[in-house]
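Protein chains in written order, with my numbering: chain B, 1 to 476; chain Z, 1 to 711.
Worth double-checking, as some hints may not be accurate.
What the hints assert, rightly or not - Mimicking BS3-like on lysine-lysine, the simulated pairs with C-alpha atoms at most 25 Å apart in a straight line are:
| # | chain 1 | residue 1 | chain 2 | residue 2 |
| --- | --- | --- | --- | --- |
| 1 | B | K325 | Z | K370 |
| 2 | Z | K674 | Z | K612 |
| 3 | Z | K659 | Z | K612 |
| 4 | B | K59 | Z | K276 |
| 5 | Z | K467 | B | K297 |
| 6 | Z | K385 | B | K59 |
| 7 | B | K420 | Z | K295 |
| 8 | Z | K612 | Z | K573 |
| 9 | B | K325 | Z | K385 |
| 10 | Z | K452 | Z | K423 |
| 11 | Z | K696 | B | K203 |
To be clear, the hints were calculated from the coordinates, so they are not data collected in a lab.
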Amino acid sequence: MSHPFFDHRLNINRRYFLGKLSVGLGSLALGSLLIKDLFQPESDLTSSLPIGLPHFAPKAKRIIYLFQNGAPSQLESFDYKPMLHKMYGQDLPASVRNGQRLTGMTANQDKFPLVGSAFSFQQHGQSGAWVSELFPNIASMVDDICIIKSMHTEAINHDPALTFMQTGAQQGNRPSMGSWLSYGLGSENQNLPAFCVLLSKGKGNGQGVYSKLWTNGFLDSRHQGVQFSNSEERVLYLNDADGISRDERRKMLDHLNALNEMHYQEVGDPEIQSKIEQYELAYRMQTAVPEITDLSKESDATIKLYGPDCLIPGTYASNCLLARKLSESGVRFVQLYHQGWDQHSNLSGEMPSQALDVDRASAALVQDLKQRGLLDETLVIWGGEFGRTNYCQGPLSANAYGRDHHPRAYSIWMAGGGVKPGIVYGETDEFGYNIIENPVHINDFHATILNLMGLDHEKLIYKHLGRRYRLTDKPL
Amino acid sequence: MHSNLNFGLACLLALIYTFSDQLDVPVAMITAGRMHPLLLHLPIGMLGAVIFLHFTHFYNEEARNHKLKPLLQWTASFALLTAIAGILLAAEAQTYDQNEIAWHKHTGAATAIMMLLTASWYGKIPRSMQHIFIALNVLLTFISGHLGATITHGDNFLFPEKSEIPTIASDLHPDTQSLYVAAIVPILQSKCTSCHQPEKMKGNLDLTDTLTILKGGKHGPSITWGVPESSLLATRIHLPLSDEEHMPPAERQQLTDKEKQWISLWIQHSSSFATKVNEIGPEHALYPIRQAVEKRRPAVSNRHAFPVADPDEVQRLNTFYRSVRPLFDGSPALHVAWLLSGEFNDQRLQELQKVRENMTELHLAGMPVKDEHLEFISACVSLEKLNVNNSLVTVKGLEKLAGLKNLHSLSLTGTQTDNSAEKIWRILPSLKTVYVSQTRILKADIQNWEKKFPNIQFVLAPGISEKIPLSVPVLKNESTIIQKEEAIVLQHFIQGAKILYTTDGTSPDTIRGKVYEGPFQVSGSSDIQAVAVKDGWLASDVARFSVFEKGSPPPHCTLLTKPSMQYPGLLEKTFTNGEQAPASNLRDPNWIAYRDKPFHGLFSYNAPTAVKKISLSYAQQIPQYVFPPVSVRILAGNSPDQLTQVAFQKLPLFQAGEKDQITSRVLHFQMPGKAYKYYRMEASNLPVIPSWHPGKGEKGWLFIDEIFFYE
Numbered sequence: 001m002s003h004p005f006f007d008h009r010l011n012i013n014r015r016y017f018l019g020k021l022s023v024g025l026g027s028l029a030l031g032s033l034l035i036k037d038l039f040q041p042e043s044d045l046t047s048s049l050p051i052g053l054p055h056f057a058p059k060a061k062r063i064i065y066l067f068q069n070g071a072p073s074q075l076e077s078f079d080y081k082p083m084l085h086k087m088y089g090q091d092l093p094a095s096v097r098n099g100q101r102l103t104g105m106t107a108n109q110d111k112f113p114l115v116g117s118a119f120s121f122q123q124h125g126q127s128g129a130w131v132s133e134l135f136p137n138i139a140s141m142v143d144d145i146c147i148i149k150s151m152h153t154e155a156i157n158h159d160p161a162l163t164f165m166q167t168g169a170q171q172g173n174r175p176s177m178g179s180w181l182s183y184g185l186g187s188e189n190q191n192l193p194a195f196c197v198l199l200s201k202g203k204g205n206g207q208g209v210y211s212k213l214w215t216n217g218f219l220d221s222r223h224q225g226v227q228f229s230n231s232e233e234r235v236l237y238l239n240d241a242d243g244i245s246r247d248e249r250r251k252m253l254d255h256l257n258a259l260n261e262m263h264y265q266e267v268g269d270p271e272i273q274s275k276i277e278q279y280e281l282a283y284r285m286q287t288a289v290p291e292i293t294d295l296s297k298e299s300d301a302t303i304k305l306y307g308p309d310c311l312i313p314g315t316y317a318s319n320c321l322l323a324r325k326l327s328e329s330g331v332r333f334v335q336l337y338h339q340g341w342d343q344h345s346n347l348s349g350e351m352p353s354q355a356l357d358v359d360r361a362s363a364a365l366v367q368d369l370k371q372r373g374l375l376d377e378t379l380v381i382w383g384g385e386f387g388r389t390n391y392c393q394g395p396l397s398a399n400a401y402g403r404d405h406h407p408r409a410y411s412i413w414m415a416g417g418g419v420k421p422g423i424v425y426g427e428t429d430e431f432g433y434n435i436i437e438n439p440v441h442i443n444d445f446h447a448t449i450l451n452l453m454g455l456d457h458e459k460l461i462y463k464h465l466g467r468r469y470r471l472t473d474k475p476l
Numbered sequence: 001m002h003s004n005l006n007f008g009l010a011c012l013l014a015l016i017y018t019f020s021d022q023l024d025v026p027v028a029m030i031t032a033g034r035m036h037p038l039l040l041h042l043p044i045g046m047l048g049a050v051i052f053l054h055f056t057h058f059y060n061e062e063a064r065n066h067k068l069k070p071l072l073q074w075t076a077s078f079a080l081l082t083a084i085a086g087i088l089l090a091a092e093a094q095t096y097d098q099n100e101i102a103w104h105k106h107t108g109a110a111t112a113i114m115m116l117l118t119a120s121w122y123g124k125i126p127r128s129m130q131h132i133f134i135a136l137n138v139l140l141t142f143i144s145g146h147l148g149a150t151i152t153h154g155d156n157f158l159f160p161e162k163s164e165i166p167t168i169a170s171d172l173h174p175d176t177q178s179l180y181v182a183a184i185v186p187i188l189q190s191k192c193t194s195c196h197q198p199e200k201m202k203g204n205l206d207l208t209d210t211l212t213i214l215k216g217g218k219h220g221p222s223i224t225w226g227v228p229e230s231s232l233l234a235t236r237i238h239l240p241l242s243d244e245e246h247m248p249p250a251e252r253q254q255l256t257d258k259e260k261q262w263i264s265l266w267i268q269h270s271s272s273f274a275t276k277v278n279e280i281g282p283e284h285a286l287y288p289i290r291q292a293v294e295k296r297r298p299a300v301s302n303r304h305a306f307p308v309a310d311p312d313e314v315q316r317l318n319t320f321y322r323s324v325r326p327l328f329d330g331s332p333a334l335h336v337a338w339l340l341s342g343e344f345n346d347q348r349l350q351e352l353q354k355v356r357e358n359m360t361e362l363h364l365a366g367m368p369v370k371d372e373h374l375e376f377i378s379a380c381v382s383l384e385k386l387n388v389n390n391s392l393v394t395v396k397g398l399e400k401l402a403g404l405k406n407l408h409s410l411s412l413t414g415t416q417t418d419n420s421a422e423k424i425w426r427i428l429p430s431l432k433t434v435y436v437s438q439t440r441i442l443k444a445d446i447q448n449w450e451k452k453f454p455n456i457q458f459v460l461a462p463g464i465s466e467k468i469p470l471s472v473p474v475l476k477n478e479s480t481i482i483q484k485e486e487a488i489v490l491q492h493f494i495q496g497a498k499i500l501y502t503t504d505g506t507s508p509d510t511i512r513g514k515v516y517e518g519p520f521q522v523s524g525s526s527d528i529q530a531v532a533v534k535d536g537w538l539a540s541d542v543a544r545f546s547v548f549e550k551g552s553p554p555p556h557c558t559l560l561t562k563p564s565m566q567y568p569g570l571l572e573k574t575f576t577n578g579e580q581a582p583a584s585n586l587r588d589p590n591w592i593a594y595r596d597k598p599f600h601g602l603f604s605y606n607a608p609t610a611v612k613k614i615s616l617s618y619a620q621q622i623p624q625y626v627f628p629p630v631s632v633r634i635l636a637g638n639s640p641d642q643l644t645q646v647a648f649q650k651l652p653l654f655q656a657g658e659k660d661q662i663t664s665r666v667l668h669f670q671m672p673g674k675a676y677k678y679y680r681m682e683a684s685n686l687p688v689i690p691s692w693h694p695g696k697g698e699k700g701w702l703f704i705d706e707i708f709f710y711e
């Protein structure tokens, strides 16, 4: 089988042919210099997955991203601002807001009454980081994590902000971070997708999570994130139908592959090759997935660590435990989404139950990786798509308040592979509104993650529609 | 005519060539001189055209003379102009090394004169001589061109050699790298050593080696430690650009301000080349340089000295049960992981024989690794990280690892290791971290070892010692509407947890609760309450499940008020179709919703029927403005016009901060037991949402999925 790059006859139309002719042999010669194995035949089906390697020594091999969808308030979690108590109910000074655009939900408010956290803060650990009482378990491990208080984004609404966080662009259709890593580093475990997605939902006001967030975009579809089910059978339709033995399944696949191969020879669409590989991956997953998703053999100590919900399929805790198992088995990127963090109103009512759902299990994941000697090679990221305003959305009342979207400053935390533990990076002003030290833009965030994974963010590129794309493309 | 012009130019060239040492270039002429690098390309290109025409018109002397002569004249003109400009440039820019320039000047002038001679004589000499003249032109152009290019681009431009710096292997290791190698050498390499190197020795200075740097050049040593003011390496770069002594020469690429600053700082605060990067503390004046250096260097540089394993062999070893990968592109070190526990055996382990000295990381977590397998692992001498979590290894087997001199991380979590493992810590000299959670090793052992082995970090997770509550039991039945004879199935996911339940609406405890031993039957609509208990845990919260038999739904239903256009459900069929909808998905077609008007529905039997109980199931999703009904009224009678009230219930308002914001709820109404043909239900939605809610002032939604009738 020759290389798909040259075999792809769909690409060869008249313009392509003439265009190629002019550079012709020169580019072939150059190509063979730049890409070592361009003309090497590939040995078998499984190895035709690109064996990507880090550009340089990586600090982390795998990522678990605990996405808190809906944007948890930084002011009730990691960014302690006593000033907001002192100035409770007073209007946000215009000099602080400085013309910042607002969402349609608060733009027409005549007053922006400042409101402090309804939950108390305390300093924890040797680092002395401030964490609110809503997150006692995360607070107890602040010396293992790095809190970044100076994230900022350009998007002001959920969908573009979330898409920006995940794909490096607000508009969608670009490959997700996990797909880029699958493309750049390949799969460590051929029996599992390199990019797995786990969903859960809290009781708070939720925002949508769409499959475009784990899209492969213009990359080959083998880099797409694979969404796991929340039922007891974590990958649906994986079992053979009744009466089909493993051998029969194999024979059936062989015949199907032969047919697909014929079709590929005819039209040359590389997506047919991807399809064949996906069938093969599913076949191998039939052995691997039951072994990995079986949580019943976990010890009592582990179950207690993650909390009693961790064996109920579809809970955040069970997703955290499963994420550890997948990651331990070599899955490059495990993406969790937990919905319900969009507290425009009744923040003090909703946030405790949201925090209760995630606090113990998030901390447990880090501690579990640590006790298994895996934390130094696994990067754990916790955070949402933007922050929340320091002023109340709608009129402020004694027992309830809400916060609108705030893209200018928000907090996330990271732990594990290559992350300096026990520090707080970046600082916001006393209103928690603007960043005054070490801002981290989403492009910086992505570049840092790729760097920790041993990839140069300017070299991990893919040519599409005539230009080279990368995860850290500056948005226009 | 043209030849006269060229003769004039030649005279001018001869003049300035002869007196080039004494030239004082007027300002107006400086630009003319600096045109040299531009002009020089013209005669070279034109010479190419000359050769082309010379050979293509080989047999047509007429055409050759006719076409070539003017071209030759022009070529000569530009060659002469180039030479003149070159001499002006050399005279003006004193910074050039005059020795290097001398030969370029001589050959350049010779090339121009040769071109002039060719142009003048081409038509008058025999063909063989024409060849020789052309050849001489090419030769001279090549020589002078090459010499000129060397001035601009430096030696080794065409055939670059790999620089050999740094010299000592250990200098590559990030932990021991000196600041000189990490920060200064890259500057010298990019800005200085194209001239100051053993083969060129400009100013008799070689900046490629520490010894020759100290020795210095013709003006003395380059470095006086601690005194940048008297170190030529520092002073020369800080001189103004116009200064003759300034380095690098004005036309070469200059050092950036930061590079200049680094060199001065480094000389001022060092006493030798040996200062290590990682010895520079935060208070040290060189700390900013350390930070910058560490920022730009890759995570871990290539610190493994052994040769790269055969890539084909590595490729072959990658299978569906085993992953063998270099740590990064170009690294000889391999990370090996086993992927399926059923596919682990000794023979497959032995297949790694050929790459065993390249393996630095071996990940066998969860694999059935036994002591006998450690035999092979002990031969993997480069191993730095070994993970045998949840495997079957014992202390006895681990003793075999004595040969692993580089092993610094050993993960034993979930194994049967006990405190006899102390001897293992002794035989592994590089050991830095040991993971021993969920083993038989106790906290006391660790405290003891921490004193004995100060270089080893023992990781033992404290675990959760306090009791925490279990999660609630779950109902496994597909629907809460059960068929006749269908049994209720409860489940708890934690092994060994016991479920206690009641069906009479009381809360289950050890006295009243029945132990769940298997599926059980209920009748009518029942509220099942269940808790889970287990040793070592607190009892779970009480779980409540409302289950319904389908009952005897009336065959006819008429909607007296119109449901919302947005959520019409299945209209009148919604209430009695025996399908409930999930509270989390309001778009489910089994929900029917009311907002502008309250719900009024008339249900009728074919014959009067004595209904004992009516149950109304509704949704509550407070964030989405879905509230419980405010009040429910049931009327009954044997004619639609003559109905009397048989039940009425007013519900308390939902309060801010109340629990269960998203759930399904049921209201039960006991009926008088008399037989009626018609039953009318009226349920009112919340007319005004209270002020604590974001939707305050608006109307609340009422979502109903099912109404049950029991005889």
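Hints versus structure:
For the hint pairing K325/B with K370/Z, the CA-to-CA distance comes to about 22 Å; that is within 25 Å, so the pair holds. The hinted pair formed by K674/Z and K612/Z meets the criterion: a straight-line CA distance of about 8 Å does not exceed 25 Å. Only pairs whose Cα atoms come within 25 Å are accepted, and K659/Z paired with K612/Z is rejected, the gap being roughly 31 Å. In summary, the hint linking K59/B to K276/Z is supported, as the alpha carbons are separated by about 22 Å, within the 25 Å threshold.
With a C-alpha separation of about 21 Å, the suggested pair K467/Z and K297/B falls inside the 25 Å cut-off, and the hint holds. With a CA separation close to 14 Å, the supplied pair K385/Z and K59/B stays within the 25 Å bound. Under the criterion of a C-alpha separation no larger than 25 Å, the hint pairing K420/B with K295/Z is consistent with the structure, at around 13 Å. Straight-line distance between C-alpha atoms of K612/Z and K573/Z comes to about 22 Å, which keeps the hinted pair within the 25 Å bound.
For the hint pairing K325/B with K385/Z, the CA-to-CA distance comes to about 19 Å; that is within 25 Å, so the pair holds. As the CA atoms of K452/Z and K423/Z are separated by approximately 12 Å, the hinted pair is consistent with the 25 Å bound. With a CA separation close to 21 Å, the supplied pair K696/Z and K203/B stays within the 25 Å bound.
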